[in-house]
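Trainee: Work from the hints to combine the two standalone chains into their complex.
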Amino acid sequence: MALIKYSIAIRDAIAEEMRRDPKLFFMGEDIAKFGGVFGCSLNLPEEFPGRVLSTPISEAAFVGAGMGAAITGTHTLVELQYVDFILCAMDQLINQTAKTHYMSNGTVKVPYTLRVQQGCGRGNGAQHAQCFESLFAGIPGLKVVCPSTPADAKGLLKTALRDENPVVFCEHKMLYAVRGEVPDSPDFTIPFGVADIRREGTDVTIIATSYMVQRALDAASLLEAEGISAEVIDPRTIVPLDMETLAASVRKTGRCVIAQEAQPFCSFGGEIAYELQQQVFRYLDAPIERVSTAQVPMPYSRKLETLNVPTADRIAAAARKTLWR
Amino acid sequence: MNPKEILGLYENMLLSRRFEQKADELYKEGLVTGSLHLYIGEEAIGAVAMLMREEGDLFTSTHRGVGHTVLCGCDPNLIMAELFGKATGISGGKGGSMHMFDQAHGLLGTNGIVGGGTSLACGAGITLKLVNHTDRVVFCFLGEGASNEGVTHESMNLAAVWKLPVIFVVENNGYEVFTTAQESCSVEDIAVRAAGYGIPGAVVDGNDALKLEKAYRKAIDHARRGEGPSLIEAKTYRWSGHWPGDAYSYGGYRSKEEVDEWKARCPILRLGKLILEKGYATGEELDAISRRVDRRVEESVAFAMASPDPDDGGLLQNLFA
Ligand SMILES: Cc1ncc(C[n+]2csc(CCOP(=O)(O)OP(=O)(O)O)c2C)c(N)n1
Ligand SMILES: [Mg+2]
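So the protein lines, in turn, are chains A and B. This note's numbering puts the last residue of the first sequence at 325; the count rises by one with no breaks. This note's numbering puts the last residue of the second sequence at 321; the count rises by one with no breaks.
Here chain B stands alone, though its shape is the one from the complex (with noise of 0.2 Å):
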């Protein structure tokens, strides 16, 4: 990555956070409602996946989508919009977090179903590979508490078999729902898994971009050689509870102190610091940026607030094409 690409990045993992934060906050308030799961603190994972793209290359999402959404470049207006179950929503208002698609920019959709998104990265690897004989890939997120549902460990070695140009990228925060990963997988990493389909395996620190940016690298250029899956184990934390109202997350399941020594690893901070460091912008030059996403977090809020709900015939409308 360039400098220019690393301020990029930090604006976007920026308007990400913010992003959040501020649907957060409109949740508490009844405004959102629904599910909703924040991203908040694993945003590097996603977006250096979404800078390292190319044009044609594509994604599936998660229950936890609404980071992978604002980072893929979809419209902040249109999601926040999404969130208020209104009609100028990126789904019209009928999808929700859970429900949001948008092909323009890769998104094939994030998705209520843990492990949901794994066959579907096969199938877009099928046309891409198979079908369409480019050498576009795609991304699979998904969550380790996903890496135990029966579709996943279908779907890598289908991917293995087929050499389908996916790269799985486990997103181990340590915790799916209520329950720890210590207590529902076999192993402690994720990816020596991918020695039992034959692919490439690798552990990663989830909220070191440069890191990130390394291994992602590797699996891009496996796959747009033909030479199929990989899987990537991002190591990171989700900062708030499973849902906005999960009162057990701080002090519950997990203790404070875990979670605010994670605090302290922000993907955003180091990338901040790093950017300093570096002399890439200066510490004005990183406010105009903080600003530029609050006003832009700002001007999402404003359009879904103005925009009115989907129309009473919406309901029975787009069942079939």
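Bound-form chain A, shown alone (with noise of 0.2 Å):
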């Protein structure tokens, strides 16, 4: 084990899924110097001459070249500088990466990870602080992934790696500094589709991902003082979705919150409720939770933007309100 931070956690996976597999190839803008703009591939270019390239500013390009690599012989790594420069790749994403597995019949394969970064916290204002994990979700034929924690970024990122599908992986800017910590051994992976239960409890489940697991964490101590039992579960994966870990948690505690930094219209915290109201109805204690930011593109002031995204008081609050507190 050592204490390392997140970029550097996935900075680390790349690496050595790059020395272990010569085929991967990874491209995305700025990369290729000093690390990139958030440090995740820092001396990787020296270590891996002509598999490491920045791009021109060409986001429907690199992301089309990406598929294009994936399903002529090479593992494919591509780097979104922000999320928000998906949608200038959309139709390369959507249309010719995601579905082609399924229209194939099952004959073409596509290992293509795509890592980006998004997510509040910088004041980056409303075309770079988006969390576009629900609308990935939707697309049939993604899987997506939601790392919290270093060692999660890492036996995550290994895993898209030698997956044989279009993954996008999303990290979150805020966590980029976060340490924690990872395993060394080269060996270390965690399966997709397995949530992670990060603290156990008794009266009440919350459910979150990404940046929110640690307020979720918070709210979970903060229930604790009054003498309230929160169990907090990162899914980590939403695309497979470990619905069995979350059902059964519910089903013990009777309550759910879902807290996401994604906008609540048409999300995965929607879905999640859909899914769980379905599976433990008769469970179920009072009406479940959702914490999220408002329905509205993300504000620059910081007042706005703070008061947009979910806190663990707002998590907490949510809580009581499921023991009718």
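Check each hint, because a few of them may be wrong.
Only part of the chain B face toward chain A is listed, based on derived beta-carbon distances under 7 Å [what the hints assert, rightly or not]:
1. G34
2. G93
3. L316
Since the hints were derived computationally from the structure, they do not count as laboratory data. Where is the CB? At the ideal position from N, CA and C, for every residue including glycine.
Mentor: The structure is reproduced here in structure tokens:
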């Protein structure tokens, strides 16, 4: 185990997989200098000459090229500097990439991972702070990963880089500097579709991903002081989704809060609530609560941004509500 | 440009310069946050275009749009307040430096998306020419990095086939974050791509106001005559890092010598020298301009500081008209 930053855990995962797989190729804007804008490719161009390339600012071209490379024997990793720029390449992602394995009746494989950086927290405004995991998860054929810790980032990225499907790997800009214990073994991976029970509890289940996980844990501490025992679960991957673990927890607690940074309407939180009421309706003691940003673009003002993003207090308040307090 | 216009141009460029230098300082103090991309060193390109605009002409801007916004005549108080995220900002604090809109001064938005303005400029051209049947024009500013976006190519072709009155101004500062133009562009001069769209293209020294004037004159006349778009590539340099905390911009991805060499080619110094040589103003008069500009910047900071944050209710307002 070593205490390392989320950004470095990502870098290490890429380095280990590039060592293992000579056909792994990595491209994205500015990645070949100084580790890129967020430090996730530090020293990679030196170790893997010719396999880590900075692209022109041409998202449609390099996201599509990633697909073309993937279906011709290259395992491709593409970095989107901000998730917001994937919108310039939506045809390449949705029409050209996500559907191909299905449309080809399984004959074409698409070993392609797209790392995207998303989320609030730096006052970047409406075109640089979006969360698109719900959008991606709504497209059949894309796997969607949202790591919340350095260890998860490493273990899940290594799994992505061995997967033969398109994977959208959603990193959070506020997590890059967070440190955590990460296993050193090059064999360390975390399978997709296995939720992580971050804290056990008996009164209410809080489901959270990415940047919201720490806030959910903070909410659980607040609740503990009031004698409320909260269980915090991080699904880690949204596609595939470990409904079994989520449902088992809610069956136990009878109450559920979903915390997400994405806007509420048509989001994965709504989808999880739907699945839960289908599976555990008889066990529910209160309506499922959801805490999210408002159904608006992210405002620039730090005051409004802070107001918009769910806090531990808001998550705790929603939990109390499920307990009728 | 007559002497009076040249003096006005000088003052406007100096205002943009000092405004952004102040914003940079305030960013480092943590009062301005988020994304801030400075136009310092590139001011002549926007300033001359703004001066040559006529009533009803429009323009689209970029992520590096604070300079354009100051230069277009937008009240500096409103811009500074926007950078502070205050309720009195030009976008009510909800936009930030990359999302400022000032239709009264022709600004169709600074833009967080590289290349994002190019298709908007075509649309403005549709309104001006095909719908309103005027001879008004649209300036579309973009970086050389943005010239590699798909939407830029599509927009240039669209503007060409419909003869839209768009003047594409590529502000080629040699860099796109850490990446160099040589690493990312297929040609040394972006202007040669104009031939591929069948439109006039020209390379111009972007730090020379008089040369810019000539190039713009041609393109404006061409567009007003209904003959369609042009592509002007203005060679320039960004003095600052890509963002205020960019530690690699001086001695990292570019040499200190290179930065200093370009600083010596300052467009404002050049214009000041010309003014003195031609006797359009005295040194004392230029000093008076400098003091006036500084006061204006200080006033904008005081205004921003004294302004309130947006109300909580503002979060949900203005999603729909
Ligand atoms: C579609 C899109 N891709 C990437 C970015 C990130 N980004 C912001 S500015 C920039 C460099 C732009 O270079 P250029 O167009 O030359 O403008 P300059 O910054 O040099 O003025 C990049 C890559 C973005 N904002 N939008
Ligand atoms: Mg540039």
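Trainee: Take the hints in turn and mark each one as holding or not.
Mentor: Comparing the hints with the structure gives:
{"no.": "1", "hint": "G34", "verdict": "3 Å, holds"}
{"no.": "2", "hint": "G93", "verdict": "4 Å, holds"}
{"no.": "3", "hint": "L316", "verdict": "6 Å, holds"}
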